[in-house]
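Chains A and B, in that order, are what the protein sequence lines are. Just so we're aligned: 300 in this note's numbering is position 300 of the first sequence, and the numbers increase by one with no gaps anywhere. The number in this note's numbering is simply the position in the second sequence, starting from 1, with 1000 added.
Please note: incorrect hints may appear among the correct ones.
Said to hold, decoys possible - Dumping the calculated DSSO-like pairs for lysine-lysine here, alpha-carbon to alpha-carbon at most 27 Å: (1) A/K213 to B/K1071; (2) A/K316 to B/K1222; (3) B/K1177 to A/K342; (4) B/K1177 to A/K213; (5) B/K1232 to A/K353; (6) B/K1128 to A/K974; (7) B/K1204 to B/K1222; (8) A/K962 to B/K1126; (9) A/K966 to B/K1128; (10) B/K1126 to A/K966; (11) A/K122 to A/K629; (12) A/K213 to B/K1208; (13) B/K1094 to B/K1151; (14) A/K773 to A/K342.
Don't read these hints as lab results, they were simulated from the structure.
Spelled out, the chains give:
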Amino acid sequence: MNTHNFGDSQSTITPLHDPLASPAPDAKTEVRNTTCYMCACRCGIRVHLRDGEVRYIDGNPEHPLNGGVICAKGSSGIMKQYSPARLTRPLRRKPGSDRGAGEFEEVSWEETFSILSERLGKIRATDPKKFALFTGRDQMQALTGMFARQFGTPNYAAHGGFCSVNMAAGMIYTIGGSFWEFGGPDLERAKLFIMIGTAEDHHSNPMKIAISKFKREGGRFISINPVRTGYSAIADEWVGIRPGTDGALLLALIHEIIALGLYDRDFLVRYTNSGQLVNLDDAHDEFGMFVRTEVPEEEGCYDPQNKLWWDRNTNKPVVTHSEGADPFLFGEFKLADGTPVKPAFQLLQERVKDYTPEWASGVTGIPVETIRRLAYEMGITARDETIELPIAWTDSWGKEHESVTGNPVAFHAMRGLAAHSNGFQTIRSLAILMSLLGTIDRPGGFRHKAPFPRPIPPCARTPNTPLAVKPNTPLDGMALGWPSDPDDLFVNPDGSPVRIDKAFSWEYPLSVHGLMHNVITNAWRGDPYKIDTLLIFMANMGWNSTMNTVEVRKMLNDKEQNGEYKIPFIVVCDAFHSETTAYADLILPDTTYLERHDVMSMLDRPISEFDGPVDAVRIPVMPPTGECKPFQEVLIELGTRLKLPAFVTKEGSRKFRDYPDFIVNWESEPGSGIGFLAGWRGKGGEKSLIGEPNPKQWEMYEKNNCVFHYELPRSYQYMRNWNKGYLEWSQRNRITRYGEPILIHMYSEVLQKFRLAAQGRGITRKPPAHLAKRIETYFDPLPFFYEPLETQSSDKQKYPLAAVTQRPMAMYHSWDSQNAWLRQIHTHNYLYINTLTARDADIADGDWMWVESQWGKVRCMARHSEAVEPGTVWTWNAIGKAAGAWNLSPNANESQKGFLLNHLISEELPANPDGSRYSNSDPITGQAAWYDVRVRVYKAEAGEPGQTSPQFEPLQRYPNMKEPPKWFAYFGGKKGGKK
Amino acid sequence: MTQLALVIDLNVCVGCHACVTSCKEWNTSGAAGPLCDENPYGADPTGTFFNRVQTFEVGQYPNTETVHFPKSCLHCEDPPCVPVCPTGASYKRKQDGIVLVDYDKCIGCEYCSWACPYGAREIDMKQKVMKKCTLCVDRIYDTGLPETDRKPACVMACPTSARLFGDVHDPESVVSKAIRENAGYALMPEWGTQPANHYLPRRKTNLKIHGDELERVDNPLKVDGKLPKPSKSDPTLDDVTTW
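One chain only, chain B, in its complex shape:
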């Protein structure tokens, strides 16, 4: 059974927010749109985004890591937002595992956002319905688009290719391979929600230098004859011993 998902590589995410606005841009005029904004040009502007990047620091100076953490609906295999929905608006698609909200059934009661441990849902304050990431379900099956474009907008946009998209149930998929080979992990597994989206951790490359790598026969200082040679007048054992 297919479970579509995103795998987000924190090792290369620079926190540029391309995924945030490309998502907003696609979806506001798409099947899930519009994505409303309150006070777009006033005090405390706030609007609906399916995807946000949080930035936080870990550790103390100078051993600090700055982490950019993009977050959207994780399309849980056992999504707690679905059973709490009183109208059946919140549902998980059988064919691909995408969790969606049926706006025509949603009454904006916000139970689902309380149930979601990840804070991934956003109530549209204008339309009073719950909105969230659709994995661009209106792109990925659109045969009107070239095949290479049938991906979520955020995946297409991401300048560092930090966002991978595919079927996490298919062991041969790009996403499964990335999770397997790079210690991919799911958020808060203790909740038993089995998030389909995964994250790849930071990976460090270090250079080990051996002391003797600094001593080489081809050292150009030998050619240039300038390896510091002590002067004949510098002190030696000859000055203090007679044997």
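Just chain A, with the same shape it has in the complex:
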């Protein structure tokens, strides 16, 4: 190297600029703890303030969820707080302007509340279902759901239906718990970890911490995914799979595990319904149901223990779990009355008989030998690497165990399995595989998080009649629930849906999180009826949260012949200038997470750990910006003005001063001791989980890192489905009403009940004739594989590729991609395409290209990749934006080079012969089938503009929004400083 030596490389010269000196030595500094909400993980954070401005946000080392670490989003909270896209005043659409044009005028909160209470008051007094409330995230649904119920509308849900409801429903209807907030892989003790169908980020810091430790301790990590990014990147092995075929792989693995005898027989016998005898008398109304016998029934029992085994020792039918009995898992028997029966496990084995690795290889694209090896690895690790912990516990049948044992094979799965129309049965297959390996709530396998496990299904029910919806009356039941049979469906006498989204109807019977993705289309079409007011909170339904974005935007702006909007009144609560706010008649400016009180409640989706319940709070660390108001405060105020019973005294006067007051003092019923927060209850904060309201509860949370962690005794931390001590504890603390063992549903009677109804059997309600076949087909009590519905309806010659999306880690949960720092990481997205697939279509890396489905087409840029299986193309969701939205300049990369794949995905399947249309969803749960779409790709013509298509008229700034600066030099808390 030829360099001039100008200086001494080990300098002794004192620098002019002292690199250690504080740039603001006299500033007032303060550190305040709260809970992050840059994504839905909800880590503990420390917000460092300097002269009242945010100088730094880091992880709280004392917090059980993140232990001090923080992600890219959490570290960029400052740019959310000071974003020029913030909405700071309530806004009303200018009279005469069109929706979508973004022309607004400022209104006061007082006026806003009068507009709302007048309009909503009229709806409530006449027909409450004409008001629909749909929210983007589920983690505030204890309050939002309560508001809707108190209002009396059935039309309420959060985003679960278009996110991952199949994951919740498929697992909860099988094992009484699920992934993420409900439970997860115990990587602390696992030896083999299989991540299947998990977008690169789900979930965030806790999973990153766990995977890293797992790998460093020598665990083996296998990722099964069409794409290798994020977590999959550090897997020891990546298995590329075709989207929508995971069910085929899982069934083949079940086939192998059973065929080789690699299942945990003791676990299956005692803790699942594998040994229970199924009635196979085809002439009987109970066909396919478990045979029941007369046993003394415990009063108020949810799941009586009255089923039978065929005992190997006595060769006779006996009540399950009889002392000394051991059931046949295979075979065919006849009861004394001649009824032919088989153990459920026999039926499972028959079901998977033809699901061979050879068959699955053809469906999934995974080599036969890989499928076999995966089964061997899982089975042998589970069998030979068993864990034994010296923890004595007693099971539900009174048997004392000296230790807790486990088989160290852990799984994690999410939307890659869920967001397909065959997702429910796929996820049932996964839960059954996990159970075969004996890994449910055991060390090294899957572990529950409080308040899970729940009975199967959980006890909450919606009403089952339209009579539950009455003027000026709360809804008689929950807006969302867990149907256990056809009589639980929320339908009219003719079988038609009561809800606007058709949830809990015969079209989507187990739609436990609703179908938010169909609300706008249904309301626009007036099918099943018209509504008046749609209130949307924190969901970008005019852009990336909706399918069929172009058409949905038209629907939002569509008018009747009389000039009235088809959806007459739209209210949007959001903190930012999103695409959806442009379609609002009234905008409610929300605060950021740093400006509000909030709870992560046991009534909702708390942040529990494997070892016990955890809930948390947010405490405002800054005053609200402008006139922003937390949505919680809006609901409390509105509820009070509308005199909803929960929010007013018997005399009709205000019951709660504000949201913090509500949180402290609200009880599920007077004197129940059950409130939103589980910590520091009782008059002086001496009680946990249940207890009288404590006026100092917020202060006590604040002093304790804003988090309450109740660590269960070790003997209650495992085997909780069947752990007598835990279930009694859970009953005593009112976490659950029922204390019976929660047997795993290898065979699902719930599904069989719907099938029987569809076959016209039994005394329950029957589906309308046109839906009977659909119910009979998909409500199979045993898992099965079928090609996703949209795929079935696509011309696969014309559209040979699958197209999927995921969010980049730095934009997890799709929020904050407008953030000044994060958008420098991902400014626009590409369509990732396997190099060979691209070359076949003559598309070079970086070329402009078209991707087209039967529904629409998008022009975008290609990026060649070797990390995607050849039959799949994919892109990052969350980056592409409409021009001008989020106060980005109209020529920003997000709108000019970024794109949404949503334009290619329909919210409905092609029309049925009678013209009716089903949602593009799982026929069991109504889960949005985002990943079923089929596409083709071709190169853009030479003369086409280098710009993504479709484009939209740029959204203008709203009043009070400033033009963002050309240069930005953020420096927190240096008054009059370098900003």
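Chain B: place on chain A using the hints.
Quick look at chain B alone, frame taken from chain A:
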């Protein structure tokens, strides 16, 4: 003599960018700040970051590795950016080996960025001075911080603990041990810059399965009596031979 450095474990880095923004966040309001952004809300936004993650693919489908590669100033033991600096703004601290830029001397001539073979330096287009990773020198000696917090922001943030921090000259330090035991390596040693930062490579865990592990006396199929037994009517030697 102390040489502080980062050791980055590519075996666990998932490319989440926590190190990128936590660094920006700390330093923009710290002694080295602000870190300016041009067009923060417009076309082609670009700003100063001390640390970036590059992601690339290695190999061909299906034998593909996706590598996330965080990169910042490597605090070379013989840093080529220092001798080329005409004003002496670029310097290496004797006490801890951290390479710094003295903004008050820097004239923004960019010689150092041309000299750096790793592309680790970034000119702040607004302030016209050269900026780079300081190893959070304004954190690690700050006695106002709890001792556990006296680490670079990126190290504190990293959710997978992929970033280790310490003295690579102390054979007993966490970083020296990690380098020694996990085949840690420096980038482009052929340049003779002796980067203090090191990387740990990907390490694979495999499971060897022996065929006979599938045959066990405790196979539950034996209990359940369903090990497939041929039917009496199936063909046997008896059908074709008489002996």
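Checked hints:
no.: 1; hint: A/K213 to B/K1071; verdict: holds (22 Å)
no.: 2; hint: A/K316 to B/K1222; verdict: holds (20 Å)
no.: 3; hint: B/K1177 to A/K342; verdict: violated (60 Å)
no.: 4; hint: B/K1177 to A/K213; verdict: holds (17 Å)
no.: 5; hint: B/K1232 to A/K353; verdict: holds (22 Å)
no.: 6; hint: B/K1128 to A/K974; verdict: holds (21 Å)
no.: 7; hint: B/K1204 to B/K1222; verdict: violated (36 Å)
no.: 8; hint: A/K962 to B/K1126; verdict: holds (22 Å)
no.: 9; hint: A/K966 to B/K1128; verdict: holds (16 Å)
no.: 10; hint: B/K1126 to A/K966; verdict: holds (11 Å)
no.: 11; hint: A/K122 to A/K629; verdict: holds (24 Å)
no.: 12; hint: A/K213 to B/K1208; verdict: holds (22 Å)
no.: 13; hint: B/K1094 to B/K1151; verdict: holds (19 Å)
no.: 14; hint: A/K773 to A/K342; verdict: holds (26 Å)
This entry does not satisfy hints 3, 7, going by the numbered hints stated previously.
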